[in-house]
Structure formats: C-alpha cells, structure tokens
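Using the sequences and the hints, build the whole thing.
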Amino acid sequence: MVTELTPNTEPKMRARDVSVFYGDKKAVDSVSIDIHTDYVTAFIGPSGCGKSTFLRSFNRMNDTIGAARVEGCIELDGEDIYKSGMDVVQLRARVGMVFQKPNPFPKSIYENIAYGPRIHGFAQGKAELDEIVERSLRRAGLWEEVKDRLSDSGTALSGGQQQRLCIARAIAVEPEVILMDEPASALDPIATAKIEELIDELRGRYAIIIVTHSMQQAARVSQRTAFFHLGHLVEYGETSQIFTTPREQRTQDYITGRYG
Amino acid sequence: MNELSAPSPAFGEEPAIALTRTPAFEARLKRRYAAEKRFRFFGLAAIVFSLAVLLFLLVTMTMNGIGGFQRATLTVPIRFSQAEITLPPETDSLGVAIRSLEDQGLPEFIEAETARSLGEEASRQLSPDAWRVVAEQLIDEPSMLRREVELDLPTSKNLSAALAGDGHADLQPLARSLAEQGVLAKRFDPGFLSRSDATDSQLAGIWGALKGSILTMLVTLALAFPIGVLAALYLEEYAPRNRWTDLIEVSINNLAAVPSIIFGLLGLAVFLWLFPNLRSAPLIGGMTLALMTMPVIVISGRNAVKAVPPSIRAGAMALGASPIQVVFHHVLPLALPGILTGTIIGMARALGETAPLLMIGMRAFVATPPDGFTDPATVLPVQIFLWSDEIDRGFVERTSAAIIVLLLFLLVMNGIAIYLRNRFEKTW
Numbered sequence: 001m002v003t004e005l006t007p008n009t010e011p012k013m014r015a016r017d018v019s020v021f022y023g024d025k026k027a028v029d030s031v032s033i034d035i036h037t038d039y040v041t042a043f044i045g046p047s048g049c050g051k052s053t054f055l056r057s058f059n060r061m062n063d064t065i066g067a068a069r070v071e072g073c074i075e076l077d078g079e080d081i082y083k084s085g086m087d088v089v090q091l092r093a094r095v096g097m098v099f100q101k102p103n104p105f106p107k108s109i110y111e112n113i114a115y116g117p118r119i120h121g122f123a124q125g126k127a128e129l130d131e132i133v134e135r136s137l138r139r140a141g142l143w144e145e146v147k148d149r150l151s152d153s154g155t156a157l158s159g160g161q162q163q164r165l166c167i168a169r170a171i172a173v174e175p176e177v178i179l180m181d182e183p184a185s186a187l188d189p190i191a192t193a194k195i196e197e198l199i200d201e202l203r204g205r206y207a208i209i210i211v212t213h214s215m216q217q218a219a220r221v222s223q224r225t226a227f228f229h230l231g232h233l234v235e236y237g238e239t240s241q242i243f244t245t246p247r248e249q250r251t252q253d254y255i256t257g258r259y260g
Numbered sequence: 001m002n003e004l005s006a007p008s009p010a011f012g013e014e015p016a017i018a019l020t021r022t023p024a025f026e027a028r029l030k031r032r033y034a035a036e037k038r039f040r041f042f043g044l045a046a047i048v049f050s051l052a053v054l055l056f057l058l059v060t061m062t063m064n065g066i067g068g069f070q071r072a073t074l075t076v077p078i079r080f081s082q083a084e085i086t087l088p089p090e091t092d093s094l095g096v097a098i099r100s101l102e103d104q105g106l107p108e109f110i111e112a113e114t115a116r117s118l119g120e121e122a123s124r125q126l127s128p129d130a131w132r133v134v135a136e137q138l139i140d141e142p143s144m145l146r147r148e149v150e151l152d153l154p155t156s157k158n159l160s161a162a163l164a165g166d167g168h169a170d171l172q173p174l175a176r177s178l179a180e181q182g183v184l185a186k187r188f189d190p191g192f193l194s195r196s197d198a199t200d201s202q203l204a205g206i207w208g209a210l211k212g213s214i215l216t217m218l219v220t221l222a223l224a225f226p227i228g229v230l231a232a233l234y235l236e237e238y239a240p241r242n243r244w245t246d247l248i249e250v251s252i253n254n255l256a257a258v259p260s261i262i263f264g265l266l267g268l269a270v271f272l273w274l275f276p277n278l279r280s281a282p283l284i285g286g287m288t289l290a291l292m293t294m295p296v297i298v299i300s301g302r303n304a305v306k307a308v309p310p311s312i313r314a315g316a317m318a319l320g321a322s323p324i325q326v327v328f329h330h331v332l333p334l335a336l337p338g339i340l341t342g343t344i345i346g347m348a349r350a351l352g353e354t355a356p357l358l359m360i361g362m363r364a365f366v367a368t369p370p371d372g373f374t375d376p377a378t379v380l381p382v383q384i385f386l387w388s389d390e391i392d393r394g395f396v397e398r399t400s401a402a403i404i405v406l407l408l409f410l411l412v413m414n415g416i417a418i419y420l421r422n423r424f425e426k427t428w
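Protein chains in written order, with our numbering: chain A, 1 to 260; chain B, 1 to 428.
No lab work stands behind these hints: they were computed from the structure. Every residue gets a Cβ at the ideal spot worked out from N, C-alpha and C, and that includes glycine. Errors might be hidden in some of the hints.
With a straight-line cut-off of 25 Å between C-alpha atoms, the simulated DMTMM-like cross-links for lysine to aspartate or glutamate are [claimed, not checked]:
| no. | chain 1 | residue 1 | chain 2 | residue 2 |
| --- | --- | --- | --- | --- |
| 1 | A | Lys-101 | B | Glu-111 |
| 2 | B | Lys-186 | B | Glu-111 |
| 3 | A | Lys-107 | B | Glu-237 |
| 4 | B | Lys-306 | A | Asp-63 |
| 5 | A | Lys-101 | B | Glu-237 |
| 6 | A | Lys-107 | B | Glu-236 |
| 7 | A | Lys-107 | B | Glu-425 |
Derived coverage of chain B by chain A (criterion: at least 3 residues anywhere in the stretch with Cβ under 8 Å from a Cβ of chain A; other residues may be distant) [unchecked claim]:
| no. | stretch |
| --- | --- |
| 8 | 305-316 |
| 9 | 319-327 |
See below:
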C-alpha cells in the first residue's frame with residue numbers, strides 16, 4: 001500500500017514492499033513509504049510492531065544481526081541501497097542514526113564529535129576540525145553547556161546531554177538523513193523537551209525519521225506519521241490527520257489508548 | 001494493586017496481626033541475620049588465613065634468603081706499593097686487562113699478603129677467584145696501586161661452611177679464631193646480582209639466569225601477545241559461528257589446560273628440529289612458552305572483547321566506521337584492560353615455568369650471561385631448581401635468594417601490567 005501525499009519535492013528515501021525477517025519470523029511485512037527532507041516523519045505503534053526493525057533497514061544496521069534478512073527495495077535519492085556493490089560505509093555516513101540509549105564513546109566530548117569527520121577525512125587540519133566540532137555542538141544546542149570542558153569524558157554528561165552529544169556526533173558527518181530510534185525514551189521530561197526542540201530545529205536540513213512510543217511526542221515533533229501494527233503499515237498520513245481523523249479503525253483504537 | 005497490599009484469601013482467614021509481625025516471622029528474620037553474620041565471619045576468616053600464609057611465606061623466604069645475598073669474606077690489608085705490578089692501558093678490554101694482571105703475578109701476591117697478615121692457613125682458604133675481585137677493583141680505581149688498602153676477599157666454600165658451624169671439623173677452630181679477630185664475617189655481596197652460575201657457591205650469581213629470564217619473557221610476550229590478541233579479535237568479531245569455529249574454541253580451551261611439559265616436548269620436537277643450533281637459547285625457550293601463554297591470552301581476550309557493550313559498536317558503525325575501524329578504534333581500546341589481565345596471568349605462569357624449559361636444554365650449566373636471544377642461557381626457575389639440587393650447603397641460601405629475585409621480578413612485571421591496565425581503564 002502506498003499512501004500518496006502531496007510532496008512538493010522528490011522523496012529523499014523511498015521504501016517499496018520492504019519485508020524484514022528474523023530467521024523464519026516476518027517482523028516487517030511489505031511496507032512502502034516515502035520520506036521527505038521537508039518534514040519529520042514519525043513511526044508509531046505498539047511494542048513489537050516492527051517499527052524499529054524497519055527503521056534499521058534504512059541504514060542497513062540490520063546487516064549486523066546475522067539472522068536478519070531484508071526483502072524489497074529501499075532507495076536513497078533513487079539508488080537502491082540493497083543493490084550489490086552498494087558501499088555500506090558510505091551509506092551510513094549519508095544516513096546517520098541516533099539510538100534509544102545514549103551511547104557516547106568513552107572518550108572526550110571533543111573526540112566524540114571529531115571521530116566521524118576524522119575517519120571520513122572531512123577536515124584538513126586541527127582548525128577545521130575544531131570548527132566542525134563547534135558547529136555540530138551548536139546545532140545540537142549543546143555548545144554553551146560544554147564549550148569549557150570539551151576534554152571531559154562524554155560519559156560524564158547527564159543523560160539528556162549525552163543524547164544531544166550523540167545527535168551532534170551524527171550531525172558532524174553531514175548526513176542527509178537522520179534516523180532516531182526512540183531518542184527520548186530514556187530521558188526525563190525536561191531533557192525530552194530539549195531533544196524535541198532540537199528535532200524541530202533540524203527539520204528541513206535533514207530528512208528525519210523518528211521512532212517513538214509516545215503518541216504525544218509524535219504529535220509534537222512530526223508532520224507525517226506512520227502507524228505500524230504487527231509488522232504492517234496500517235496508516236500513513238499527515239500527523240494532524242492521523243491524530244484527529246484516522247481512516248483506519250486500528251489507528252483510532254491505538255491513539256485513543258484502547259491497546260498499545 | 002489490591003492483591004499486593006492485602007494478604008490474598010489463599011493464605012486463609014484474615015490474620016489477627018499482619019504476617020510480617022508474627023513471632024514466627026521474627027524468628028525467621030533472626031535466623032537470616034545469623035546466616036549473614038556467619039557468612040561474613042567465614043569470608044573474613046578465609047582472607048585472614050590467606051594473608052597469614054602469604055606473610056609466613058614472605059617472612060621465611062626473606063629470613064632464609066638474606067644469607068644468600070651475603071658471602072663469607074676475609075678482610076685483608078694489602079700493600080700494593082710492595083707489588084711489582086703495572087696496570088694495563090685503559091684501552092684494553094676488561095678480560096685482557098684481568099689476564100695481564102694474572103700474568104704479572106697478582107694471584108700469588110694476594111695470597112702472600114693474606115699469609116703475611118692472617119697466616120699461612122688462612123691464605124689457603126681464600127677463594128681461588130679472590131684475586132679477580134682485587135683485579136676488578138684495581139682496574140676500577142688505579143690509584144689503589146700506590147696505597148695500602150683493606151679489601152674484603154671471598155673465602156673458599158669450606159671456610160664459609162666452617163663459619164656457619166658445619167663442614168670440615170678441622171677448619172672450624174680457624175674460622176672461630178678469624179671471626180673473633182673480626183676479619184672473617186658474612187658481608188653483603190653485591191656481586192650476587194651481577195655474576196652468573198658457578199660450581200662454587202661463594203662465586204655463584206643470579207645475573208645470568210635473570211637476564212635469561214628477561215630475554216625469554218621478551219620473546220614470549222612479543223609472540224604470544226599479538227598472536228593471542230589477533231586470534232581473539234578475529235574469533236569474536238569476524239569468524240562466523242559454525243562447527244569449525246566451535247572446534248577451534250574447544251581446541252584453544254583444551255590447549256590452555258595442557259600440562260606444560262607437553263609444550264616442552266613440542267618445542268623439542270619442532271623448534272629444535274627446525275633450529276638445531278639454538279639449543280638452550282632464550283629464543284627457543286620464549287617460543288615454547290609463547291605456545292603455552294597464547295591460549296590464556298586468547299581466552300581472556302575473547303571474554304574482554306565480548307564484554308564491550310554492543311551499543312559502542314553500533315554507535316561507531318552508524319557513523320560509517322568500517323569494521324576494522326570499529327575494532328581498532330573502539331573495541332580493542334575498551335577490551336585492553338581485560339586482555340592485559342589475561343596477559344599478566346599467562347606471563348606470570350610462563351615466568352615460573354621449569355618443566356618445558358628442561359626439555360629444550362635450558363638446564364645446562366651456563367657460567368656467562370647470554371649476550372643475545374640465541375646464546376645459551378638458563379632462566380630463574382630452572383636456576384633455582386638446579387641450585388636446590390646441589391649438595392654444597394652454601395647453595396641452600398643462594399637458592400632462597402634466587403627465589404626472592406624471582407618473586408621481585410614477578411612483582412615488577414605485574415606492576416607494569418597493572419599500571420598499563422589502569423591507564424587504559426575507561427568507564428562507560
């Protein structure tokens with residue numbers, strides 16, 4: 001099922017009939033969806049509905065799980081990312097990811113940000129690298145809080161700061177798409193609000209997909225929402241429409257709290 | 001929520017007092033506390049017992065070993081001005097210089113001087129190598145040649161035994177009288193740390209074996225550490241899980257449990273067959289011990305690599321790090337403390353190993369310290385084993401002293417490893 005919206009640009013990423021298997025178990029069942037840079041897309045649905053698994057197939061992180069297998073086709077700018085000869089390292093540099101639990105490297109704050117640009121050789125010399133680090137931290141809204149202690153360990157920050165550090169780390173590689181897998185689920189409400197603010201500021205610059213448990217969060221940060229249930233994409237549309245006038249009964253039941 | 005806060009009907013009638021306040025409950029509570037106290041007492045007792053054993057070991061070792069760092073010496077005044085000796089030119093090597101002094105009659109002169117001050121009988125009980133001590137000091141300090149100096153010269157092993165109250169009965173009166181004059185005594189012997197093995201316990205030193213151990217350990221570390229770490233990383237990060245890798249895993253675990261003498265036989269059969277000229281060499285010894293140490297490093301290395309949180313790997317991979325970058329930038333640095341712990345254990349075991357080295361000929365009598373990895377050498381534990389076999393009583397103390405040297409070496413080696421481990425330790 002392809003839900004046609006009215007995009008004013010070509011989609012950044014396009015998934016067609018994507019199914020993901022863990023061994024014999026089908027976790028995602030032929031899902032098709034378009035992702036645009038202009039807006040934030042939220043994946044919602046009850047636990048185990050396959051939304052995280054589906055998200056991880058956008059940067060081929062499922063490859064790292066031996067038993068996982070992806071069928072169908074996902075395109076980035078019209079190019080199939082699962083075709084043979086696709087460079088996974090390059091793909092992951094173009095499609096960044098932020099995880100559920102903040103996972104800064106046990107290195108300094110500076111090194112956390114500089115790592116990506118350094119392995120890809122983006123910076124010529126220290127000055128340029130400093131600039132990238134500052135720009136990424138500013139964009140992630142963390143610069144003012146950490147500028148005086150860039151050499152402190154990234155793991156010494158608070159949970160919310162760590163997550164923003166991870167977002168800054170992803171931004172530093174200048175990706176085109178950022179995947180966020182429940183980025184605020186381990187954080188308190190104030191830190192969550194900061195992350196949501198940040199996502200809103202990043203909108204338009206990067207195509208953002210956010211998986212979330214919280215329907216309120218989806219309503220707050222996203223412009224498009226996809227509702228998953230038991231591996232199926234039940235409904236995909238404008239966030240305001242999904243939350244006010246869902247077309248499907250199952251969506252209606254979920255957002256009104258009848259299950260989930 | 002109700003089921004939790006009130007006792008469920010399955011417990012019978014609503015009790016008059018809450019279940020947690022009955023006498024039976026309080027008695028049970030007391031028993032639980034008693035069990036805890038008992039456990040803490042036994043734990044503490046175990047630790048006290050181990051400390052006591054360790055203390056006993058260290059104290060007896062030190063008491064016995066201190067004598068090993070000393071030797072019996074005679075204090076002899078020597079009038080070099082009376083000697084017709086000229087020093088060889090400074091450009092001569094030590095060996096040539098000493099030989100030149102020997103040719104000029106230094107040994108006879110020293111004996112005569114001893115006979116003059118302490119009597120004919122005492123002069124016969126000088127160590128046959130006593131003049132070497134004088135020669136070395138002369139070369140060190142040529143100005144002595146114009147003065148009269150008092151030198152401490154090693155005695156024969158018989159006089160040394162007599163001083164300790166055993167050995168030949170006819171020497172004991174002489175020893176007593178010399179000791180009463182204050183010229184015969186056991187004095188600290190710095191040469192113990194710089195000489196090598198000798199047939200005379202008065203002249204034996206530990207440097208040859210210590211250097212042999214250092215060279216052997218260097219070879220072992222240089223081989224076992226990189227091979228072990230690479231094997232551990234490959235097995236954990238790259239190898240597919242299948243029957244072959246299971247087989248390899250079982251083999252490595254078994255290898256770690258193989259008795260060490262088997263590795264000695266392997267070294268004898270393979271390494272000495274390949275390099276027949278390197279019998280007794282630290283290179284072969286190190287290779288043999290590396291075989292033994294490697295499985296320990298592989299096993300601890302795999303566990304350390306396994307303990308690195310997957311989230312760190314995922315984070316690096318999501319930034320576009322290639323698999324090898326993930327391994328060398330993130331996994332290895334985080335696993336290093338654990339790998340080093342395994343290396344300490346493996347190296348400590350290798351340092352104390354005797355049996356496999358006996359098989360490859362490192363038990364030979366080696367009187368000169370090895371100059372390199374391919375020279376014949378012996379190692380500390382083998383030296384201890386050889387000395388403990390000697391009949392000469394002087395070697396008993398030398399053996400204890402050698403054990404102290406071995407323990408200190410172990411302490412230094414582990415200290416370095418623990419320092420490195422703490423430097424790399426990171427929290428996440």
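TODO: Compare the structure with the hints numbered earlier in the document and write down the numbers of the violated ones, lowest to highest.
DONE: Violated: hint 1 alone.
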